[in-house]
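Okay, here's what each chain looks like letter by letter:
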Amino acid sequence: MNMNVETPKEPVDAMTFQLPEELQVKVKTRDVNVHYGEKQALFDINLDVPANHVVSLIGPSGCGKSTYLRCLNRMNDIIDIARVSGKIELDGLDIYDKNIDVVELRARVGMVFQKPNPFPKSIFDNVAYGPRIHGLADNKTELEEIVVTSLQKAGLFDEVKDRLKDSGTGLSGGQQQRLCIARAIATRPEVILMDEPASALDPIATAVIEELIDELRQNFTIIIVTHSMQQAARISQYTAFFHLGYLVEVGDTEQIFTNPVDRRTQDYITGRFG
Amino acid sequence: MFGSLLILLLILSVAGFYLGRRKAFVVAGGKRSQLHSRPLYHGLYVAALVGIPTLLLSLIWIFLQRPVIDALLLQSLDPKAIAGLSVSELSLLKSQIKSVAQGAIFGDPKPIVVEAAERLTHWRVIANWAMVATCIAIGLFVLIATRSKIARLFRARERVEHVLDLLMIAASVLAILTTFGIVVSLTIESLRFFDRVPFLEFVFGLNWEPQIPIREGQVTGGGAFGAIPVYVGTFLIALIAMLVAIPIGLMAAIYLSEYASKKMRAIVKPLLEILAGIPTVVYGFFAVLIVAPAMRSFGAMLGVEIAPNSALAAGAVMGIMLIPFISSFSDDAISAVPRSLREGAYGLGATKSETIIDVLLPAALPGIASGILLAVSRAIGETMIVVMAAGIIATLTFNPLSPVTTVTVQIVTLLIGDSEFDNPKTLAAFALGLTLFLLTLALNVLALRIVRKYREQYD
Amino acid sequence: MTDILDHQIAEPDSLANPRHDWASDNARRRIKKRYGRDRLLRAFGLGAVITALMLLAILIASLTYTGYVAFYTTKVKVDIFLDPQIIDKENPGKTKYRKITKQAFYAYFPDVKNRKDKRNLSKILSSGAQYIVRDYVVAHPEKIGETVTINLPLSDPFDQLHKGVIPRWIDAAGKNGGNGEKMLNPRFKSEKVLVWFDNLVARDMLSSPFSWELFVNADSRFPELAGLAGAFTGSLLALLVCFLISFPVGIAAAIYLEEFAPKNRFTDFIEVNINNLAAVPSVVFGLLGLAVFINFFGLPRSVPLVGGMALALMTLPTIIVSTRAALKAVPPSIREAALGVGASRHEVVLHHVLPLAMPGILTGTIIGLAQALGETAPLLLIGMNAFIPSIENLGLMEPATALPTQIFAWGDSPERGFVSRTSAAILVLIGFLVMMNLVAIYLRQKFERKW
Numbered sequence: 035m036n037m038n039v040e041t042p043k044e045p046v047d048a049m050t051f052q053l054p055e056e057l058q059v060k061v062k063t064r065d066v067n068v069h070y071g072e073k074q075a076l077f078d079i080n081l082d083v084p085a086n087h088v089v090s091l092i093g094p095s096g097c098g099k100s101t102y103l104r105c106l107n108r109m110n111d112i113i114d115i116a117r118v119s120g121k122i123e124l125d126g127l128d129i130y131d132k133n134i135d136v137v138e139l140r141a142r143v144g145m146v147f148q149k150p151n152p153f154p155k156s157i158f159d160n161v162a163y164g165p166r167i168h169g170l171a172d173n174k175t176e177l178e179e180i181v182v183t184s185l186q187k188a189g190l191f192d193e194v195k196d197r198l199k200d201s202g203t204g205l206s207g208g209q210q211q212r213l214c215i216a217r218a219i220a221t222r223p224e225v226i227l228m229d230e231p232a233s234a235l236d237p238i239a240t241a242v243i244e245e246l247i248d249e250l251r252q253n254f255t256i257i258i259v260t261h262s263m264q265q266a267a268r269i270s271q272y273t274a275f276f277h278l279g280y281l282v283e284v285g286d287t288e289q290i291f292t293n294p295v296d297r298r299t300q301d302y303i304t305g306r307f308g
Numbered sequence: 004m005f006g007s008l009l010i011l012l013l014i015l016s017v018a019g020f021y022l023g024r025r026k027a028f029v030v031a032g033g034k035r036s037q038l039h040s041r042p043l044y045h046g047l048y049v050a051a052l053v054g055i056p057t058l059l060l061s062l063i064w065i066f067l068q069r070p071v072i073d074a075l076l077l078q079s080l081d082p083k084a085i086a087g088l089s090v091s092e093l094s095l096l097k098s099q100i101k102s103v104a105q106g107a108i109f110g111d112p113k114p115i116v117v118e119a120a121e122r123l124t125h126w127r128v129i130a131n132w133a134m135v136a137t138c139i140a141i142g143l144f145v146l147i148a149t150r151s152k153i154a155r156l157f158r159a160r161e162r163v164e165h166v167l168d169l170l171m172i173a174a175s176v177l178a179i180l181t182t183f184g185i186v187v188s189l190t191i192e193s194l195r196f197f198d199r200v201p202f203l204e205f206v207f208g209l210n211w212e213p214q215i216p217i218r219e220g221q222v223t224g225g226g227a228f229g230a231i232p233v234y235v236g237t238f239l240i241a242l243i244a245m246l247v248a249i250p251i252g253l254m255a256a257i258y259l260s261e262y263a264s265k266k267m268r269a270i271v272k273p274l275l276e277i278l279a280g281i282p283t284v285v286y287g288f289f290a291v292l293i294v295a296p297a298m299r300s301f302g303a304m305l306g307v308e309i310a311p312n313s314a315l316a317a318g319a320v321m322g323i324m325l326i327p328f329i330s331s332f333s334d335d336a337i338s339a340v341p342r343s344l345r346e347g348a349y350g351l352g353a354t355k356s357e358t359i360i361d362v363l364l365p366a367a368l369p370g371i372a373s374g375i376l377l378a379v380s381r382a383i384g385e386t387m388i389v390v391m392a393a394g395i396i397a398t399l400t401f402n403p404l405s406p407v408t409t410v411t412v413q414i415v416t417l418l419i420g421d422s423e424f425d426n427p428k429t430l431a432a433f434a435l436g437l438t439l440f441l442l443t444l445a446l447n448v449l450a451l452r453i454v455r456k457y458r459e460q461y462d
Numbered sequence: 547m548t549d550i551l552d553h554q555i556a557e558p559d560s561l562a563n564p565r566h567d568w569a570s571d572n573a574r575r576r577i578k579k580r581y582g583r584d585r586l587l588r589a590f591g592l593g594a595v596i597t598a599l600m601l602l603a604i605l606i607a608s609l610t611y612t613g614y615v616a617f618y619t620t621k622v623k624v625d626i627f628l629d630p631q632i633i634d635k636e637n638p639g640k641t642k643y644r645k646i647t648k649q650a651f652y653a654y655f656p657d658v659k660n661r662k663d664k665r666n667l668s669k670i671l672s673s674g675a676q677y678i679v680r681d682y683v684v685a686h687p688e689k690i691g692e693t694v695t696i697n698l699p700l701s702d703p704f705d706q707l708h709k710g711v712i713p714r715w716i717d718a719a720g721k722n723g724g725n726g727e728k729m730l731n732p733r734f735k736s737e738k739v740l741v742w743f744d745n746l747v748a749r750d751m752l753s754s755p756f757s758w759e760l761f762v763n764a765d766s767r768f769p770e771l772a773g774l775a776g777a778f779t780g781s782l783l784a785l786l787v788c789f790l791i792s793f794p795v796g797i798a799a800a801i802y803l804e805e806f807a808p809k810n811r812f813t814d815f816i817e818v819n820i821n822n823l824a825a826v827p828s829v830v831f832g833l834l835g836l837a838v839f840i841n842f843f844g845l846p847r848s849v850p851l852v853g854g855m856a857l858a859l860m861t862l863p864t865i866i867v868s869t870r871a872a873l874k875a876v877p878p879s880i881r882e883a884a885l886g887v888g889a890s891r892h893e894v895v896l897h898h899v900l901p902l903a904m905p906g907i908l909t910g911t912i913i914g915l916a917q918a919l920g921e922t923a924p925l926l927l928i929g930m931n932a933f934i935p936s937i938e939n940l941g942l943m944e945p946a947t948a949l950p951t952q953i954f955a956w957g958d959s960p961e962r963g964f965v966s967r968t969s970a971a972i973l974v975l976i977g978f979l980v981m982m983n984l985v986a987i988y989l990r991q992k993f994e995r996k997w
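So the protein sequences, as listed, match chains C, X and S. Here the first sequence is numbered in this note's numbering, starting from 35 and rising by one per residue. Here the second sequence is numbered in this note's numbering, starting from 4 and rising by one per residue. Here the third sequence is numbered in this note's numbering, starting from 547 and rising by one per residue.
Calculated from the structure, these hints are not laboratory results. Ideal Cβ placement from N, Cα and C applies to all residues, glycine included. Incorrect hints may appear among the rest.
What the hints assert, rightly or not - Covered by chain X, per the in silico footprint, the following chain S stretches (three or more residues, Cβ under 8 Å): (1) 599-607; (2) 814-826; (3) 854-866; (4) 953-961.
Just chain C, with the same shape it has in the complex:
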């Protein structure tokens, strides 16, 4: 990292940016701090995510964008030493409230991971897994319907329709990732979190996924962590820039990439560090 970058002592208030009034706020984050043991990973994050939009989280590695993403469906609960404070609301509901059930939360806030991680099961069972455990289908027909529509939605159905009983791990990397997206869609989440979903894929598979994300926007709110600024520019309407655990700047994707307010954002998007 370039040492010329001046790191402000005080976090800049990223909330100078206001979402347009007409947009419904799906995920609201207020003063979120995350500690891993002694180390603080996130500082006072404030962010509003509008429904049915794609929001990109960008920033150099280790900046906290993945950590933030994992707060939104409480994946940090799995890590013993992680401690989250502050308030995160999903449709006005505090997700860290003790009455909130993580199982339900994670069904409503789905996740797609950096590395495709299909279960060692058949393609069908991979997609059917979520609906099965949550009891989303009343009978076999309904379940099959969910699987088929999810696969269609993920743009994978035509490629695998003749081998739904084959193992999901036998697919190519891009197909595996779309299978994971189908798997996430199948639980009918409201929000889908994507943690660099295309970083392990080749350019063609990446293009397919990006197209898919744009389509999914109609039904889902999507928050995506990405390493690639071009990708963020292509697929998202809003972009948030993280740096050293601070949310430095949020804005219209176009504005962030053309006319960033903060010096650090500017340095980052012009490739001076990161």
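Add chains X and S to chain C, keeping to what the hints say.
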């Protein structure tokens, strides 16, 4: 004699070392940099060439001397005197001669024995001195020869390293030799057994009564060698053991790897390792002292007759012994499931138990399965628990409350005490040992193959 | 799956709506049930862990409970007149002390006259008491002619009675369903002996000192005198042989395979062999020892040399595997640095890699030796369960016994006293194993490096 020879050889090697090093100094004219190798290596080179061959020679000599002299002794006996003697009578005569030669004279030995004993003593002395003389002579010759080779550009280091390589290869080959020794010795003795007892009777026979009369008029069983009841007993006990070990071991592994806190893991895992480190003879005594009587009185309470050496008691204790085995294998297998799969399940909103049962266990199944196979192989080969706690009589039964016997119990009971290598009773133990070896080998190979395949899946 | 394809494909947009109603009773019930199953699995797991630990606790507790009494011996103080007319002053070791000992003991019971009673009375004393008197006289020849007080052990039944291990009276009709009628424990000849025994207690002649016998005596037919010294020596000699063979050979093989061996079929074959040897049942190594060392090479039975060689072949895979792991843990940068200053590959290994890997190698070796120390079956087959009543004549080529085989032999003996002796021997063996493992753990922690 042998001990002093070893010391002599050692002295010779050390002398070789110093002479070699000295010579290297001399040829270098005091300038070490003139030498290709440091003087140390020149010394080591001479020492190794003196010490190693003579040591090997003396070892081979000592091992072969006895059989050779025995054979000579047998030939030197008056053919008329030993005509008509059976094999066991001959070996009795042989041991008589040997004990007389050692000065232990009981009663009034026959003149032929005394005469042979004198011959034996004489030969032994000759052989011993010949060994010492040969070894020392060779050692000295090699010392002089190799020392004369030392020169300024003599590549002593490379030679020494070459010798080291050979030694290391020899050490590695010992593993093969051991396997070879096991296979060959078991096969030879088994073939001798099948000379006396038909192979098919051994494999398909339902009757195992190896106590055949040694003396005439001794009341024993009929000498039947059908191994089926022994194998049924072995598998019955192994099955009981697995029924105890798999649920407890697997559940404990699930708890330790997924539910337990770090602190609890740190305490419980070493404790389970203690269970694994306890010698099997201790488990055997535990079975006899505590488990079998407890089961017996528990059975009596329910009005069920449980034999004191029931398959249940032996199997249960063997199961206890295998708990840590299963649990550590399963724990490793579960922990080896990639984090991403775990997160995938949690990310869909699966509960912990759903993640474990639907994702982790299926993914870890090959590892767990190979662990179970290895545990079965252990259960089948386990000896002391069953020797102490299971039965000796081979009854063909599947009733876990009655006593059964196992392959290992039979091997030990057939061989304990003095054993002659010419009676089917002793040889039967080797036939059983061969089948045991092949069975456990097959299980191990299968288990290793599963593990290897499984590793490829995630690497 | 063809039937799936026949479905009316829903409009993609219908996917998101209607969404699942998480607040419905049905959904709540379902989640509750799922958490219930989670708790169930957790409870099963915890139950399994507790079961395993309980079994360990029962094992240790029962051995301690039955074994601790063997760590002391019941002894009776007897004044003995060392009659110079009976004892040969020149050669006190050759005298028969039976009579002197018995007479001295009878003196405490002047009422006992009849021969049969006297014989029963003498059975209170250990049959080995006379040898203790002999050893005393041999050690103190100047005391001949004086009256000395010697602490003599009681025989097994009375030793056990005094320790409270066996009762005087037992139910007449077996353990259960007895009609309350009692009978004399058949280990005692008559009620009279119990009266005499009580008399000894009343006169405060009995004491329970620490049983040094357990550690310094060799084996004996009499449990009160049986000790582990023979087994210690046998185990030590066998382990020594095992170490001298398996340590250098194991290290040499591991270095070759890890550092020098080319990757080819031959070395693959060696590796497969080593892996398989590690899982061969120990009894097979006993058969190997019997067939090869004893039958083929004609080495004597029951001797520590053969036992140690069989154990060495068993321990070898353990040492090779742990040595390889230790060598692998040394980072390549060390090797590169040494190669960079012109050391040969052998010098790199001998001067740099091996010393750095040594703690790991030693740890593995100690663990391998601990396994060998507890191994019984191979020793049994090669006959290393000899009855060794004296520790004078022990050596690599002399018949011997070892700790685990001694445990096996005692565990098979009918005398009550051998039960506690066996447990005590097990405790001693486990003590050794724990010590070896602690040393291994200490080594690992002390020298463990994080590269």
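Requested in this report: Mind taking a look at whether chain X covers the region 599-607 of chain S? Criterion is 3 or more residues with CB to CB distance under 8 Å.
Outcome: holds (count 5)
Requested in this report: With a C-beta cutoff of 8 Å, work out whether three or more residues of the region 953-961 of chain S approach chain X closely enough for the coverage to hold.
Outcome: Per the Cβ count (4), the hint holds.
Query raised in the report: For the region 854-866 of chain S, does the count of residues with a C-beta closer than 8 Å to a C-beta of chain X reach 3?
Result: Holds: 4 residues of the region 854-866 of chain S have a Cβ under 8 Å from chain X.
**Report entry** Within 8 Å of chain X's CB atoms, at least three CB atoms from the region 814-826 of chain S: coverage verdict
**Finding:** Answer holds; 9 residues pass the 8 Å Cβ test.
The structure fails none of the hints (numbered hints given earlier).
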